[in-house]
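Undergrad: The lines below spell out each chain.
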Amino acid sequence: MAASIRALGAEVPATSATALSAGDRFRRFARRNPTLVLGGVVMALIAITGILAPAWWTGDPLAMRPVERLQPPSPTHWFGSDNFGRDVYSRTLYGTRVSLVVGASVALASLIVGTALGLVIGFYRRIDTVMMRVMDGLMAIPAILLALALMALMKGSVRNVIIALIIPEIPRVIRVVRASVLSLREHTMVEGARALGARTPRILLRYILPALTAPLIVQATYICASAILFEAYLSFLGAGTPPHIPSWGNIMAEGKAYVQLAFWIILFPGVFLALTVLAINLIGDGLRDLLDVR
Amino acid sequence: MMREIVRRLLATIPVMGVVAIAVFALLHVTPGDPAVIIAGDYATSDDIARVRTKLGLDKPFVTQVGIWLGGIVRGDLGASIYSGLPVTTLIKQRAEATISLTLLAMLISIFVGVPVGVLAAWRRGSWIDRGVMVFAVSGFSMPTFWLGFVLVYVFAISAHWLPVQGFQPVERGLWPFLRHLILPAITLSVVYMALIARMTRASMLGVLSEDYVRTAFAKGLSPRRVLLRHALKNASLPVVTIIGIGFALLIGGAVVTESVFALPGLGRLTVDAIVRRDYPVIQGVILIVSGVYVGINLVVDVLYVVLDPRIKY
Numbered sequence: 001m002a003a004s005i006r007a008l009g010a011e012v013p014a015t016s017a018t019a020l021s022a023g024d025r026f027r028r029f030a031r032r033n034p035t036l037v038l039g040g041v042v043m044a045l046i047a048i049t050g051i052l053a054p055a056w057w058t059g060d061p062l063a064m065r066p067v068e069r070l071q072p073p074s075p076t077h078w079f080g081s082d083n084f085g086r087d088v089y090s091r092t093l094y095g096t097r098v099s100l101v102v103g104a105s106v107a108l109a110s111l112i113v114g115t116a117l118g119l120v121i122g123f124y125r126r127i128d129t130v131m132m133r134v135m136d137g138l139m140a141i142p143a144i145l146l147a148l149a150l151m152a153l154m155k156g157s158v159r160n161v162i163i164a165l166i167i168p169e170i171p172r173v174i175r176v177v178r179a180s181v182l183s184l185r186e187h188t189m190v191e192g193a194r195a196l197g198a199r200t201p202r203i204l205l206r207y208i209l210p211a212l213t214a215p216l217i218v219q220a221t222y223i224c225a226s227a228i229l230f231e232a233y234l235s236f237l238g239a240g241t242p243p244h245i246p247s248w249g250n251i252m253a254e255g256k257a258y259v260q261l262a263f264w265i266i267l268f269p270g271v272f273l274a275l276t277v278l279a280i281n282l283i284g285d286g287l288r289d290l291l292d293v294r
Numbered sequence: 001m002m003r004e005i006v007r008r009l010l011a012t013i014p015v016m017g018v019v020a021i022a023v024f025a026l027l028h029v030t031p032g033d034p035a036v037i038i039a040g041d042y043a044t045s046d047d048i049a050r051v052r053t054k055l056g057l058d059k060p061f062v063t064q065v066g067i068w069l070g071g072i073v074r075g076d077l078g079a080s081i082y083s084g085l086p087v088t089t090l091i092k093q094r095a096e097a098t099i100s101l102t103l104l105a106m107l108i109s110i111f112v113g114v115p116v117g118v119l120a121a122w123r124r125g126s127w128i129d130r131g132v133m134v135f136a137v138s139g140f141s142m143p144t145f146w147l148g149f150v151l152v153y154v155f156a157i158s159a160h161w162l163p164v165q166g167f168q169p170v171e172r173g174l175w176p177f178l179r180h181l182i183l184p185a186i187t188l189s190v191v192y193m194a195l196i197a198r199m200t201r202a203s204m205l206g207v208l209s210e211d212y213v214r215t216a217f218a219k220g221l222s223p224r225r226v227l228l229r230h231a232l233k234n235a236s237l238p239v240v241t242i243i244g245i246g247f248a249l250l251i252g253g254a255v256v257t258e259s260v261f262a263l264p265g266l267g268r269l270t271v272d273a274i275v276r277r278d279y280p281v282i283q284g285v286i287l288i289v290s291g292v293y294v295g296i297n298l299v300v301d302v303l304y305v306v307l308d309p310r311i312k313y
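Protein sequence lines, in the order shown, are assigned to chains E and B. All residue numbers for the first sequence refer to the working numbering, where the first residue is 1 and numbers rise by one. All residue numbers for the second sequence refer to the working numbering, where the first residue is 1 and numbers rise by one.
Simulated from the structure, these hints should not be mistaken for lab results. Keep in mind that the hints are not guaranteed to be accurate.
Chain E is faced by these chain B residues, among others (derived, beta-carbon under 7 Å) [to be verified]:
hint : residue
1    : SER141
2    : PRO143
3    : PHE177
4    : LEU178
5    : ILE274
6    : VAL294
7    : GLY295
Computed list of lysine-lysine pairs in DSBU-like fashion (alpha-carbon distance at most 30 Å, straight line) [claimed, not checked]:
hint : chain 1 : residue 1 : chain 2 : residue 2
8    : B       : LYS233    : E       : LYS155
9    : E       : LYS256    : B       : LYS92
10   : E       : LYS256    : E       : LYS155
11   : E       : LYS155    : B       : LYS54
Rough simulated footprint, nothing fancy, chain B against chain E, three-plus residues with beta-carbon under 8 Å [unchecked claim]:
hint : region
12   : 124 to 137
13   : 182 to 195
14   : 248 to 260
The model shown is predicted, which means the values in this text are computed figures rather than measured ones. Think of the CB as a built atom: it goes at the ideal place given N, C-alpha and C, for glycine as much as any other residue.
So here's chain E without its partners, still in its complex pose (with noise of 0.2 Å):
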């Protein structure tokens, strides 16, 4: 009796839980994990920001005005001018779409091949030993230097910007996917799915991949971070996204001949990017903390 009563009691605070509001659920969330929150509201709105560009009061981000050009923020131009008269409102806005591109780009596809490679190097000691020299020398070239190496040989393109980026990750993504790999493979758990005959892809996949699943996350949205920033640094300097699609490096390699006159065309864009790299960051301290990775 006593526990079938200690037992409802039990219920009334689920219950009355799950009649918690989606608002009230929401704010204690919020409470819990400030920095996943203050982040991801920050990123959902420079994302709608890029996406609907052109709803912002944007005009054509290309169009000179020569008569216009490097005008202060005004009521016309909110961000000022350029010294073509091209709006920086307008450029800066537009500016987000490659940067989120790439950002996101280059996360997936060097977590997808690292992963995959990792995930083989790892399982596999007899590889494990050369390969993971071989990761060390290539993690040994700072990753702007092979990537301005890499745009070099290649024509300047959105789609080049991001291989360019992926390459150097990808040593990266391997060393984490292996480290874990190494652990797992003597857990239990590979051990009783070998015993009943799995197959080394079927442990592969079914019982390594998604202890990963968490710490590949948080490192996903660091890469993303990284990939964002180093975009910019490209464009800046002079190796990245072409002159023709306005990116916010390539807004602010322009406004560097102007910092003296115009010092809004190298400002605005600065500001867009600074809070989008914060905003990916502290998303991935929040999931990293709520996620219990390391």
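Following the hints, position chain B against chain E.
TA: Positioned in the frame of chain E, the structure of chain B alone reads:
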């Protein structure tokens, strides 16, 4: 201990071998004929043929690798296609600015980052701690070149305190040298400083809950002595590691910082070489910079053995 150091030294040889081959292979893994790409958009077939023989691209791949590796061992990295000067000469000319910039940035980062991290860990949860964490996350997300422009705008263009750009060699006096270098060094140090502060704080938090730290406080030692002698010394290993690994960030940042402040360093050399498709120069710089990175991490490994005699490889 000597044996450990020699062993670590030998272990860097295969790593550098991989770097050398990878840097060379870059030219061949990208799609298209490297001779055509290097010769440029307006090259005649004669130009392309000249580039091909000059870089030895007409020889079999294995022979090319052999020539490249042989050259490295003799200290010969080939010659620039654009100026004809040996790559090693070009690198030597440009090394001073880059070394000065990265060293100064490294010093600033360590001398600010470590104390700030210690303070944050000691006063965990206080506003100091929160401030340091906010700085660490935002500093790590800061686009280096943008920060450089903001600092130039505030301190050079608006306030006229410091020069906008340029470099003065140290031979012309310490003050002009530092005056030109201070803004670039601060710009470059922020990301690295954020990384060091964050790692120091995390590592100190782990150590401060140890019994011997409580004992040290209990026997009445000053907080300064406990923090520095007892705690920081034991918390220093991860910090030293991150200083070594984070050096790659410093090099990447240096390329961009040099471009903002018009410093005649290796970064500018690389960017100019990329515009001119001067591939021998690009390969040479990457090889040297990666070598320095491997060397710094070797020093870190050796420091490990010195800091913690229990470590055996």
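Undergrad: Hint by hint, say whether it matches the structure.
TA: Hint by hint, here is what the structure shows:
no., hint, result
1, SER141, "4 Å, holds"
2, PRO143, "5 Å, holds"
3, PHE177, "23 Å, violated"
4, LEU178, "22 Å, violated"
5, ILE274, "4 Å, holds"
6, VAL294, "5 Å, holds"
7, GLY295, "10 Å, violated"
8, B/LYS233 with E/LYS155, "50 Å, violated"
9, E/LYS256 with B/LYS92, "28 Å, holds"
10, E/LYS256 with E/LYS155, "23 Å, holds"
11, E/LYS155 with B/LYS54, "23 Å, holds"
12, 124 to 137, "holds (count 4)"
13, 182 to 195, "violated (count 0)"
14, 248 to 260, "holds (count 4)"
Against the hints set out earlier in the document, violations occur for numbers 3, 4, 7, 8 and 13.
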